[in-house]
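Number of protein chains: 2
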Amino acid sequence: MTTGVTSDPTGLHRVLDERVVLPQAAQRLDTRSELWPDEVRIRVERLNLDAASFRQLERKHTTTDGRREGDAVRAEVLEIVAARGKMQNPETGSGGMLVGTVEAVGESSPLGLSVGDRVATLVSLTLTPLVIEDGLARWDGRSEQIPCDGYAVLFGRSIAAVLPDDLAPELSLAVMDVCGAPALTARIVRHYHAPTVAVIGGAGKSGSLSLAAARDAGAARVVGVVPHQEEADLLTGAGLADHVVVADARDPIALRDAVADAVGGPADVTVVCVDVAGCEGGAILSTAERGTVIFFSMATSFSAAALGAEGLAADVTMLVGNGYVPGHAAYALELLRAHDGVRGLFEGRAGR
Amino acid sequence: MTTGVTSDPTGLHRVLDERVVLPQAAQRLDTRSELWPDEVRIRVERLNLDAASFRQLERKHTTTDGRREGDAVRAEVLEIVAARGKMQNPETGSGGMLVGTVEAVGESSPLGLSVGDRVATLVSLTLTPLVIEDGLARWDGRSEQIPCDGYAVLFGRSIAAVLPDDLAPELSLAVMDVCGAPALTARIVRHYHAPTVAVIGGAGKSGSLSLAAARDAGAARVVGVVPHQEEADLLTGAGLADHVVVADARDPIALRDAVADAVGGPADVTVVCVDVAGCEGGAILSTAERGTVIFFSMATSFSAAALGAEGLAADVTMLVGNGYVPGHAAYALELLRAHDGVRGLFEGRAGR
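So the protein lines, in turn, are chains A and B. Quick note on this note's numbering: the first sequence kicks off at 5 and runs consecutively. Quick note on this note's numbering: the second sequence kicks off at 5 and runs consecutively.
Note that these hints are calculated values from the structure, not bench results. It cannot be assumed that every hint is accurate.
Unchecked claim - Subject to a maximum C-alpha distance of 25 angstroms in a straight line, what follows is the list of computed SDA-like cross-link-like pairs (lysine to any residue):
{"no.": "1", "chain 1": "A", "residue 1": "Lys64", "chain 2": "A", "residue 2": "Gln149"}
{"no.": "2", "chain 1": "A", "residue 1": "Lys64", "chain 2": "B", "residue 2": "Ser307"}
{"no.": "3", "chain 1": "B", "residue 1": "Lys64", "chain 2": "B", "residue 2": "Val135"}
{"no.": "4", "chain 1": "B", "residue 1": "Lys64", "chain 2": "A", "residue 2": "Arg32"}
{"no.": "5", "chain 1": "A", "residue 1": "Lys64", "chain 2": "A", "residue 2": "Glu95"}
{"no.": "6", "chain 1": "A", "residue 1": "Lys64", "chain 2": "A", "residue 2": "Arg32"}
It should be emphasised that the depicted structure is a prediction, and the values quoted were computed from it without experimental measurement.
Can you build the whole structure from these sequences, using the hints too?
What follows is the structure, encoded as structure tokens:
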């Protein structure tokens with residue numbers, strides 16, 4: 005240790021901003037490679053940019069005649085990481101995750117990791133100190149998966165999951181990326197007796213896992229809502245839902261009516277897994293009195309949800325989808341192994 | 005009825021937009037005075053603008069040398085209501101509530117109101133068809149309380165509360181305006197066994213009611229967090245909290261440490277009642293594992309809460325503070341009657 009600063013499990017000791025803020029809110033993090041006693045250092049092999057972040061960068065660096073300038077995307081990622089000590093897109097505020105191998109473990113790290121473990125970080129890149137050492141030379145700037153050599157630091161309160169041997173790393177990563185959704189869905193479904201569960205965006209990654217989790221946790225009926233027939237066919241083929249219905253989730257009345265037509269009334273638990281804005285009203289109207297809406301979409305508007313429920317006199321519990329539930333990664337991987345339908349949707353999506 | 009359109013309890017039949025949206029999201033509502041069978045018409049006597057909305061209008065119409073142009077504020081409110089058929093500030097998106105007397109009740113209205121009842125609407129003005137008939141001639145544009153003659157329409161799923169005889173209307177209104185907070189707080193506190201409850205912004209309107217509700221619902225210890233000593237003195241005098249602590253809720257570590265110092269650790273339930281941005285991290289860190297954070301502040305950022313909890317590996321349940329819980333207005337008025345401390349804070353606030 006080169007300073008007298010004591011470490012904080014939240015990583016506060018690496019925040020370089022004048023004002024005291026958490027690492028995620030910080031402009032700049034301290035990326036020194038020496039570890040505080042509760043930290044872990046990872047040798048990075050790949051960064052996975054958050055999809056919204058990558059799309060923003062790609063759009064920004066596409067010429068008016070449609071040419072995608074991968075070099076400019078790469079340069080901007082390098083610039084962000086150099087300036088901030090972490091990969092946090094200043095426009096979208098989002099980060100992503102990383103894969104690597106544990107190269108050093110502080111003497112009082114509570115994470116249970118050993119040198120040599122191949123891991124994925126389950127906390128966002130937006131709060132992870134990161135140094136890129138190869139200039140991202142192996143990346144063409146055209147995909148959100150970035151081969152990378154460098155190092156990253158995990159704090160006492162971070163989370164990393166060891167990658168399982170029986171699954172392709174890409175598949176494990178895709179599952180871990182959304183593993184909070186099935187874990188929280190299962191927890192909420194267990195609060196009800198044989199409930200009806202509707203998953204908006206049921207054919208997607210978090211959606212298909214949430215459908216499987218709902219069933220696993222005792223749902224009597226599960227409904228998957230998808231935006232068009234192609235997804236309906238996919239989800240029907242996967243066999244994860246008792247009913248598959250097509251509806252535009254941004255149209256509250258259409259969504260309410262689609263769910264009601266499928267199961268004879270509103271759902272006890274509605275899980276929102278589509279990353280489009282304006283789904284709050286429909287989700288609320290699709291949910292029974294004393295039911296629960298879980299919002300996993302980052303496009304959710306807090307005020308639209310709060311004012312929407314009040315304006316509809318809807319006695320529903322509305323949850324901010326917390327991406328962390330203990331054991332979430334292991335549970336999601338279990339669901340994937342147990343449900344060929346989930347696995348098929350994940351592998352199909354990766355192939356497209 | 006002049007049209008063949010059937011009414012929908014959400015008020016959809018009065019939306020004039022091309023796309024099907026709920027009344028709150030609509031650009032323009034149909035304000036015809038004839039009622040659909042499940043509607044109620046109110047003769048308006050006063051509008052209460054949402055505080056954020058009024059402040060925005062006031063700021064916009066203050067000259068560079070600090071002169072507040074009340075006439076311009078009034079003109080803009082008239083213009084908004086004429087154009088949209090409802091009072092929804094296009095900048096803040098917020099509305100407010102109104103007081104009036106029931107003048108007509110549709111034959112199948114489920115609201116239980118009678119002609120002559122003096123009521124306050126508990127759904128937002130942002131979704132309430134409204135016609136102003138007196139040009140707001142009695143309002144100087146300098147206060148969020150607007151004397152008004154005109155009419156408004158309630159839908160099948162709206163909510164209105166009859167004003168009690170034993171309290172000044174202003175006091176009842178101020179209580180009803182925030183009555184969702186104590187009702188939801190009480191419901192959540194009852195899920196825990198003798199919990200510790202922290203209320204951020206405990207000396208405010210929703211905060212003081214939430215402290216009283218927490219105690220009423222079985223909290224073992226209640227902590228009120230306030231931003232400065234003046235509020236601390238007020239809240240201590242009101243006797244609503246076992247501990248009153250001063251902390252900046254936007255500083256997550258300061259907030260965590262203030263709560264921990266007061267009660268020896270994090271709270272089981274944390275209720276956020278301060279309308280400032282950036283309180284998500286501190287609220288999460290102040291809450292125990294398996295605890296619950298209830299966000300009542302409209303300044304809450306959905307993504308800051310979701311990513312914040314994930315980044316901190318915090319297993320906390322986070323609720324979007326729904327302003328509607330059945331019986332919420334009656335419960336809040338009961339708390340006010342039962343707790344002189346709550347009443348004192350409300351009356352003191354109105355006097356300032």
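Results of checking the hints against the structure:
1. A:Lys64 <-> A:Gln149: holds (18 angstroms)
2. A:Lys64 <-> B:Ser307: holds (23 angstroms)
3. B:Lys64 <-> B:Val135: holds (24 angstroms)
4. B:Lys64 <-> A:Arg32: violated (35 angstroms)
5. A:Lys64 <-> A:Glu95: holds (11 angstroms)
6. A:Lys64 <-> A:Arg32: holds (23 angstroms)
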